[in-house]
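> Residues per chain, in single letters:
Number of protein chains: 2
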Amino acid sequence: MEPLAIWTNQKLDPASADLMRRLTAPHRVIEARATSASNLVAGSRDPAALDAEVLHGQPSVEDILESTKVRFIQLSSAGYTRYDRPDLLDNLKSRGIAFCNASSLYSEPCAQHALAMLLSIARAIPQAVREQADAHWNYLSLRGQSFLLHGQKVVIAGYGAIPRRLVELLAPYSLDITAFRRTVRGDETVRTLPISEIDDHLPHANIVFNILPAATSTNRFFDRDRLMKFKPGAIYLNIGRGDTNDQDALAELLKSNHLSRVFLDVTSPEPLPKDHALWTIPTCHITPHTAGGTFDESHRMVEHFASNLGRFARGERLTDQIA
Amino acid sequence: MEPLAIWTNQKLDPASADLMRRLTAPHRVIEARATSASNLVAGSRDPAALDAEVLHGQPSVEDILESTKVRFIQLSSAGYTRYDRPDLLDNLKSRGIAFCNASSLYSEPCAQHALAMLLSIARAIPQAVREQADAHWNYLSLRGQSFLLHGQKVVIAGYGAIPRRLVELLAPYSLDITAFRRTVRGDETVRTLPISEIDDHLPHANIVFNILPAATSTNRFFDRDRLMKFKPGAIYLNIGRGDTNDQDALAELLKSNHLSRVFLDVTSPEPLPKDHALWTIPTCHITPHTAGGTFDESHRMVEHFASNLGRFARGERLTDQIA
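Chains A and B, in that order, are what the protein sequence lines are. The first sequence lines up with residues 1 to 323 when you count with the numbering used here. The second sequence lines up with residues 1 to 323 when you count with the numbering used here.
Wrong hints could be hidden among the right ones.
Put simply, identical chains are the same to the list, so a pair is met inside one copy or across any two.
Cross-link-like lysine to aspartate or glutamate pairs, in silico, DMTMM-like; alpha carbons within 25 Å at most [stated by the list, open to error]: (1) K153 to D296; (2) K255 to D296; (3) K69 to E197; (4) K153 to E303; (5) K153 to D246; (6) K153 to E168; (7) K274 to E303; (8) K274 to D320; (9) K255 to D176; (10) K69 to D243.
Hint data in this document are derived by calculation from the structure and do not stem from the laboratory.
Start from the sequences, fold in the hints, and give me the full structure.
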């Protein structure tokens with residue numbers, strides 16, 4: 001194969017940019033022409049993209065459609081709302097352009113984050129952190145707020161790479177897990193039902209994970225009516241997308257103790273506005289969209305891209321191929 | 001078997017006391033004669049104990065040695081320092097008195113707590129909880145403090161019921177785990193070496209769990225010299241006993257960043273004095289000896305006792321028998 005031109009608009013620190021050049025040699029990396037910071041904004045156009053056979057990062061849809069050279073597109077994210085349009089996906093298919101997201105890069109940290117959220121609630125760790133500020137040894141109270149995961153009924157809304165891995169991490173706890181997705185394929189690793197049936201199960205669940213992707217059908221999926229169907233005292237965790245739940249209803253249901261704990265990694269908008277009630281409710285915990293992150297994520301992203309590029313160059317099956 | 005007299009000095013809420021009477025019927029429960037609160041202090045004498053065939057809770061060593069009736073002793077704790085004396089254990093053995101601790105009751109919450117401590121560090125949850133107080137959406141900084149458990153070298157000091165269960169919980173993360181105990185028996189479920197060899201392994205470990213029991217040989221086991229042998233940047237977690245490490249050295253090594261994070265569930269003394277440096281070091285996290293606790297622990301304790309009592313009455317093999 002002739003050396004390929006690889007365009008990227010991913011912001012990389014110098015060490016990761018260097019790693020990218022080394023791992024993708026003899027191919028050639030073209031960085032987006034940042035005449036201003038906005039050139040690097042995800043999804044914005046860049047003339048240099050039209051010269052490349054490989055697009056990496058968050059290319060613009062217009063550039064993809066206009067490019068006569070592109071053969072392989074590797075997104076830097078797991079989410080691909082911007083590209084989830086029938087016209088684009090049909091176009092890619094008809095031209096034989098490989099299109100991959102980076103879901104396998106983020107499923108591991110996201111699944112570990114989801115379990116960390118749940119276990120930290122089960123062991124009253126946020127309360128302990130707050131009480132440490134006052135050197136407060138609140139032995140009996142914190143033990144009384146702790147519980148075992150053992151035997152709990154768990155609902156997972158969504159079934160993709162993250163829930164698949166989360167189910168593996170949850171295996172040692174003897175939980176009763178049911179996942180829900182739009183279309184059940186039969187290859188799921190846990191009992192999975194059509195999401196149209198979720199309302200029958202929410203009143204019995206102790207723990208509900210929201211790992212829904214962004215989509216028209218998931219917008220405000222957990223609205224006030226649906227949250228009201230939760231079992232009193234349930235725990236709700238969202239590591240999917242902030243616009244899939246009604247945040248004002250979450251605040252209301254936490255204040256009335258209908259929900260005992262909420263842990264959000266995502267909000268709408270992000271950052272969550274400083275004056276939103278969820279910031280100050282003691283039973284609401286927030287991580288600022290950090291579920292997919294690690295200190296070495298640029299490094300991991302470059303390695304993931306380079307290994308998928310190698311597969312593409314050798315004509316092998318790609319990781320995380322969407323179209 | 002004739003109905004037995006069961007003495008207990010375990011403080012039980014009314015519902016758990018009622019459950020105890022129901023689950024142990026037709027045997028008869030005698031509560032320690034609390035003429036003052038001190039009668040119920042763990043390990044203190046109570047004349048009523050001498051009338052019972054079964055002692056539950058934390059009976060006094062003197063009462064055990066003087067009793068002519070006792071046949072089965074069920075401690076309410078996993079630790080049994082008070083009873084770990086050759087004279088007592090020999091006496092029990094020669095008289096055929098069954099002696100059990102409650103380690104299987106606490107191994108599950110303790111193991112879940114240990115993993116919660118580690119995962120909350122890996123996902124920067126204590127930092128997020130602190131920053132939530134200022135409605136601070138510290139996206140990049142917290143992602144930069146997060147890491148994957150995948151592939152880390154883990155040392156576990158101690159190998160009893162808690163480490164055995166912890167190893168099961170750690171199974172999904174592809175960790176490189178080595179446990180250390182005084183006498184390797186060969187039935188361990190993970191690579192286990194004599195604790196005399198631990199110093200060769202500490203300089204290579206990213207994560208060190210201290211789950212040592214209280215004993216003369218473990219007192220200040222992790223002293224300053226040994227903590228200095230840790231790999232720079234290592235994470236240290238103690239859910240064993242507070243007197244098995246040098247707390248001033250921990251504070252010093254956190255301040256110099258030789259240790260990147262410490263999470264303690266136990267201190268010496270407990271509570272940790274209000275003015276101890278560990279309360280205020282941002283990289284030190286503390287739970288107030290809550291690892292074994294759950295909101296329903298009295299209930300769980302009574303169920304554990306009743307089921308062991310049933311085994312005793314039927315002449316079956318007991319759970320958690322020490323002597």
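> For each hint, tell me whether it holds in the structure or not.
Now the hints, each set against the structure:
Only between protomers do K153 and D296 lie at most 25 Å apart by alpha-carbon distance; the minimum there is 17 Å, versus 35 Å within a single protomer. Taking the closest pair of Cα atoms, K255 and D296 come within 25 Å of each other only across two copies (24 Å); inside a single copy the shortest separation is 38 Å, beyond that limit. In this assembly of identical chains, the alpha carbons of K69 and E197 never lie at most 25 Å apart, being 45 Å within a copy and 60 Å across copies at closest. For a Cα distance limit of 25 Å, the shortest separation of K153 from E303 across copies, 22 Å, qualifies, whereas the shortest one inside one copy, 38 Å, does not.
Only within a single protomer do K153 and D246 lie at most 25 Å apart by alpha-carbon distance; the minimum there is 23 Å, versus 42 Å between protomers. Taking the closest pair of Cα atoms, K153 and E168 come within 25 Å of each other both inside a single copy (16 Å) and across two copies (21 Å). With identical chains, the CA atoms of K274 and E303 are never at most 25 Å apart, being 37 Å at best within one copy and 47 Å at best between copies. For the identical chains of this complex, K274 and D320 are neighbours neither inside a copy (36 Å) nor across copies (52 Å), given an alpha-carbon limit of 25 Å.
In this homomeric assembly, K255 and D176 never come within 25 Å of each other (Cα to Cα): the closest approach is 28 Å inside a single copy and 44 Å across copies. Taking the shortest Cα distances, K69 and D243 never come within 25 Å of each other, neither inside one copy (36 Å) nor across copies (67 Å).
Checked against the numbered hints given earlier, the structure breaks hints 3, 7, 8, 9 and 10 and satisfies all the rest.
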